[in-house]
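Asker: Let chain G serve as the given structure and place chain P on it in line with the hints.
There are 2 protein chains.
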Amino acid sequence: MEVNNWTQLWLSYQKVYEGHGTWGIGYSGFDAENRIVESAVYEFRTAMEGLTGENVVITDSEGNVKNDRILSLVKDESIPKEGYRVESGEYGATVKAPDENGLLYGIFALIRNVACGKKPGEIKEELSPSNPLRMMNHWDNMDGSIERGYSGNSFFFDKDSIIISRRTRDYARFMASVGINGVVINNVNVKDAASYLITDRYFDKVKALSEIFADYGIKLYLSLNFASPIELGGMSICDPMSKEVIDWWKGKMSEIHLKVPELGGFLVKADSEGRPGPFTYGRTQADGANMLADIIDQYGWIIIWRCFVYNCTQDWRDKKTDRARAGYDYFKDQDGDYHDNVILQIKNGPMDFQIREAVSPLLGGLTRTNQMLEVQIAQEYTGHQIDLCYLIPLFKEVLDFHTYCREGCDTVADVVSTRTFGNRLGGMAAVINTGNDYNWTGNDLAAANTYGFGRLAFDTSLSSEQIAREWIRMTYQLESDKEDILTDMLLRSREIYEKYTSFLGIGWMVTPHDHYGPSIDGYEYSRWGTYHRADHLGIGVDRTDKGTGYAQQYYKENAQMYNDPKTCPEELLLFFHHIPYTYKLKSGKTLIQYIYDSHFEGLKEAQELAQSWERLKPVIPAESHERVSKRFELQLVNAREWCDQVNSYFYRKSGIPDEKGREIF
Amino acid sequence: MEVNNWTQLWLSYQKVYEGHGTWGIGYSGFDAENRIVESAVYEFRTAMEGLTGENVVITDSEGNVKNDRILSLVKDESIPKEGYRVESGEYGATVKAPDENGLLYGIFALIRNVACGKKPGEIKEELSPSNPLRMMNHWDNMDGSIERGYSGNSFFFDKDSIIISRRTRDYARFMASVGINGVVINNVNVKDAASYLITDRYFDKVKALSEIFADYGIKLYLSLNFASPIELGGMSICDPMSKEVIDWWKGKMSEIHLKVPELGGFLVKADSEGRPGPFTYGRTQADGANMLADIIDQYGWIIIWRCFVYNCTQDWRDKKTDRARAGYDYFKDQDGDYHDNVILQIKNGPMDFQIREAVSPLLGGLTRTNQMLEVQIAQEYTGHQIDLCYLIPLFKEVLDFHTYCREGCDTVADVVSTRTFGNRLGGMAAVINTGNDYNWTGNDLAAANTYGFGRLAFDTSLSSEQIAREWIRMTYQLESDKEDILTDMLLRSREIYEKYTSFLGIGWMVTPHDHYGPSIDGYEYSRWGTYHRADHLGIGVDRTDKGTGYAQQYYKENAQMYNDPKTCPEELLLFFHHIPYTYKLKSGKTLIQYIYDSHFEGLKEAQELAQSWERLKPVIPAESHERVSKRFELQLVNAREWCDQVNSYFYRKSGIPDEKGREIF
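Quick mapping for you: the protein sequence lines, in order, are chains G and P.
For the first sequence, the positions run 1 to 665 when the working numbering is used.
For the second sequence, the positions run 1001 to 1665 when the working numbering is used.
Only chain G is shown next, with the shape it has when bound in the complex (with noise of 0.2 Å):
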């Protein structure tokens, strides 16, 4: 018998009270053979032997079991799509939903409730989703690694095989108790073995796989090799306007809709980082979008077409070149032209998932295009699921963030709710931070990430905390004084790694390629695009009308709040303006004292995080306590690090002394 060698999460059950009897199902509407309605009645039965300890009877077709309670699935058309209203009760629980979907989601809510303490007769909840798309992304290879991977290997790729496993199932379970409803399994640098994905060599395992996840309510995606035409269709080019190449796609899309119908669409990232695209044929990045946009609209199935395309082989000497200018720049002119099968995966920022960037100026500054919102809960750039950084809170910012692109409805959150303009598909997508360890996330604390976009994407308006106390409810159950301390320590955590790291949005100074631990001028003189500009006298890049013009890409009133450094956010002063250490910050401090006070407080808030985690010791199951205690050993390595480079370089080039007089070296 195969051994659990990983985790249930979040979902692991501990008993919350002693309940009495037996459940019975009743069904209105829906099919009970329904393979998602098996599966919530599944999960149903699961959370409740382990919540409460009650036993669920499936009730024969005469309902002639005697049941002390019973949990009625009702079929309800009035509700959104996807979205459930629960209610229980002395007699039981009911779950209504407009389809299957919502009916999963809705038992998963009501296996929340309980989990978070609520006794029945105190649950009614009503909530249908807020992102038509709620997304994974993962970027694994098909040999097993994980590009930015930090849990391991991967659990669905190994020595280019694909993996079936209960582990498999058991993900499909966690990523429908969040509310996400479309994974895509392989890297968007599509290469080698993962261009066959789409071919014989695959199509049984794909397929297996699609059906498991579509149990669970997920659509399988596949990222796309642009270059599948030359590659195995062994054509000598894959021109988007060549009509053997679209003849080629036509054949190979009716192929794969007959061996794996229930797929979601493809993800593709084309012209960027070396991935061949549209653009060497001279055609936009909508021609080749739409191209296969149209190919396979009859399928129902999507194109989820990635905005990160930048030129990055760029001159460090060249000042008016901003990679940051570049998604707008591309994709602003086009917008209006991407079919409505197509929709624009935009990252949250313009540069890479920065512990601090600006907003991408492309949401919402869009206007006629589906765009979906991209984040990174693999924690490339901070802090390799190492570092503790609960990401809810940037990613709330985000969705908060105020494009002015059409008055009381301008917010992230409104723009790929799709309530903003009314799209067709709109959404968010996570790059997933998850591999095949035993804690599936490296960082147990990690997985609070996963959880939380999941049910951030879910429900936009739920808070960091709410979502960080829930997160804990389910997966450690601590009184209420030690849950107030994890989620301090969460809540807290975003913040630390930034002071330790790189400041005021000016971002990178990671270890070249590996983007872990401090190279304060690592990217300095690369061809990334990637530039703190730092001299004697100063630091940060000017992107001003004065400079390359990026703030210009916002709406008026955003353009013009970022291009005065007296109006422009103080946690986004280097983003947007060249400043001399010297230059008196909002505080009263220069900032030279504030690059020193920020790193040396960072350093010592990490410290305090890991004595807070001692101090959970007692409640925590000690193999979880040890997995993280030796995290935070790492994490404090990893901060003094930062802190004693960044302030060394600092003081090294401007030759101020800090004021308070600390080791400096």
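Any given hint could turn out to be false.
Capping the alpha-carbon separation at 30 Å, the derived lysine-lysine pairs in DSBU-like fashion look like this [unchecked claim]:
hint, chain 1, residue 1, chain 2, residue 2
1, G, K604, P, K1566
2, P, K1207, P, K1252
3, P, K1159, G, K191
4, P, K1604, G, K320
5, G, K586, G, K660
6, G, K546, P, K1319
7, G, K660, G, K119
8, G, K566, G, K319
9, P, K1604, G, K319
10, P, K1584, P, K1566
11, P, K1546, G, K660
12, G, K205, G, K259
13, G, K259, G, K332
14, P, K1124, G, K319
15, G, K159, P, K1159
16, G, K320, P, K1660
17, P, K1319, G, K660
18, G, K159, P, K1191
19, G, K320, G, K332
20, P, K1191, P, K1243
21, G, K66, G, K15
22, P, K1546, G, K604
23, P, K1159, P, K1205
24, P, K1320, G, K660
Computed far set for chain P versus chain G, every beta-carbon distance over 10 Å [to be verified]:
hint, residue
25, K1207
26, E1255
27, Y1299
28, G1422
29, S1480
30, K1482
31, W1528
32, D1535
33, T1548
34, R1652
Covered stretches of chain G (in silico footprint by chain P; criterion: 3 or more residues with CB under 8 Å from a CB of chain P, positions within the stretch not fixed) [unchecked claim]:
hint, region
35, 482 to 493
36, 517 to 527
37, 534 to 542
38, 550 to 562
No lab work stands behind these hints: they were computed from the structure.
Glycine included, C-beta positions come from ideal geometry on N, C-alpha and C.
Answerer: Chain P in isolation, oriented as in the chain G frame:
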């Protein structure tokens, strides 16, 4: 039939004059069937056919064949070991030697003279080798990769197998032609399959290799894993004082001797950069080396023990620990402890093969220990065989360095030759720059280093220019004005490389790991002990008696010279001193202006090198010219990158503008 997918380097033998008739061979004191004598005759025949079109006919036992000229091979034991006396005239030629190696080297001397344009009658050369050990160290891994290899993969190993081909023999021929008499075939970092080179898995092939080498008077050596008793013997320790460990080694060495009798001995890198060694057990390096040496002395084998021992997990904050000190600190105290079939292999400088560094104070600092000089012709820090960098001038500087260890006989050349202290063993070793590329060395011109090292090790009195001209004549046979151009290119190339890279002995500033291209701070905050300590006021490492005290490791005369910035040779100023940017150099220039000037000059001079090469286009074989031209293209990109990054970095840091107002970023 196997196609020669490689060049013949300096043994390609284009016709130098039209000869006539045939040669016979006369043997006096040499056995015609001796393997080395046979090789010598084969080489003579091949060379003469190519160079003059003359046939060499093997005279039968009665000498009945009538030949136009006779090559007499005469044993003469009055000539020092491995030496030769060569003379030629109308009658033919005579090569006298005390042993077969001397005979082979005499034949190659004869060939070289002819190839370099000497006519019979003009040739008269008498020489014996400056150094008893003249070795090449390959850093080839058994998977086929080469650590710090820039010329393709290994031609000894592929996929954990040993390759034996015609290329192997050609390699041996090239080595013998420049007097190499020992080759270590595997990387000093012995791991994985390479640990098994001393087991039945590989004995047959190792023996076969050693036989090919033996045909050319070359001893095969193996790099040894000091932890073999653990990895192969299944023991828990490799303590050199443990009886069980010693017994295991005795058995193992006896087995090796039985299977590979032609072996020369072993090279060991212990207690360095993660390699296991005697320190683990509280033993000295001498304990480890002597244990092995005592066991193998009966087989006439030797242990070559590397002195590259230092703390590679240093804290950059710590300004007292100095990696430059490590070799002397670890090895000086044990001077005299090493048994006389152990030889310490000492890198030319105390750091690691930088473009310029001080000469290691261990050389001559040890007075009662066999010692040999290690240099690197693999261009790890000197341009990856992309950038032209003729290294013989660097090696000459080291060899000519006066250590003051013994009046009148105190240069490094004296010390390692054994003539200073009368050691049993001495010599020179180079980390070689070859791989399975068509041209062996990546850059065709890098073969001048391969050739040059061998020639220099054999005769340390040769000048850099003599060696360059010899190599050019044998390789390209140019008219004298063209030869002058190429000679000048080679002779200037090291200083040009130095000018556009790191300066005045400071070293490093290279891309971490890769070691090509600039990264000024790349090693500044690292664990490697390789710092420049630049701040806004100055740069350099204080290694005087007020600093790390490294300068005091030299004999008094040098210690005093280095200790004072006024007497310290300026090209090593920053190796020994921390100097303000405003410090006036002897030229009257400030240090910062020197940085700017030398980098702009270096870039310009690199461009001149490329232009000179362009002028040689009509006289260099097209393929070779094309290959080298492509390298120059890359070199210019590299030189520009170095120039701009170094200048920008120091301008940004110092705030002092270039007096000449050139563009700095």
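Asker: Looking at P/Y1299 again, its CB stays over 10 Å from all of chain G?
Answerer: 45 Å, holds
Asker: Hinted pair, alpha-carbon criterion (30 Å max): G/K546, P/K1319. Please report holds or violated.
Answerer: Violated, at roughly 43 Å.
Asker: Please verify whether P/K1159 and G/K191 have alpha carbons no more than 30 Å apart.
Answerer: 24 Å, holds
Asker: For the pair supplied as a hint, P/K1159 and P/K1205, confirm whether the alpha-carbon distance does not exceed 30 Å.
Answerer: 14 Å, holds
Asker: Has the given pair, P/K1319 with G/K660, been kept, meaning a C-alpha gap of at most 30 Å?
Answerer: Holds, at about 22 Å.
Asker: Beyond 10 Å from chain G, beta-carbon-wise, is P/S1480?
Answerer: Since the minimum Cβ distance to chain G is about 43 Å, P/S1480 lies beyond 10 Å and the statement holds.
Asker: Cut-off 8 Å, C-beta pairs, minimum 3 residues; does the coverage of the region 517 to 527 of chain G by chain P stand?
Answerer: holds (count 6)
Asker: Looking at P/W1528 again, its CB stays over 10 Å from all of chain G?
Answerer: 14 Å, holds
Asker: Taking C-beta pairs only, is P/T1548 more than 10 Å away from all of chain G?
Answerer: About 16 Å separates P/T1548 from the closest Cβ of chain G, which puts it past 10 Å; holds.
Asker: When you look at the beta carbon of P/E1255, is every beta carbon of chain G farther off than 10 Å?
Answerer: Given that every Cβ of chain G is farther than 10 Å from that of P/E1255, nearest at about 37 Å, it holds.
Asker: Verify the proposed pairing of P/K1124 with G/K319, using a straight-line Cα cut of 30 Å.
Answerer: Judged against 30 Å, a Cα distance of about 65 Å means the pair is violated.
Asker: Quick one, are G/K566 and G/K319 close enough, alpha carbons at most 30 Å?
Answerer: Distance ~23 Å between G/K566 and G/K319 Cα, so the pair holds.
Checked against the numbered hints given earlier, the structure breaks hints 1, 6, 7, 13, 14, 22, 32, 34, 35, 38 and satisfies all the rest.
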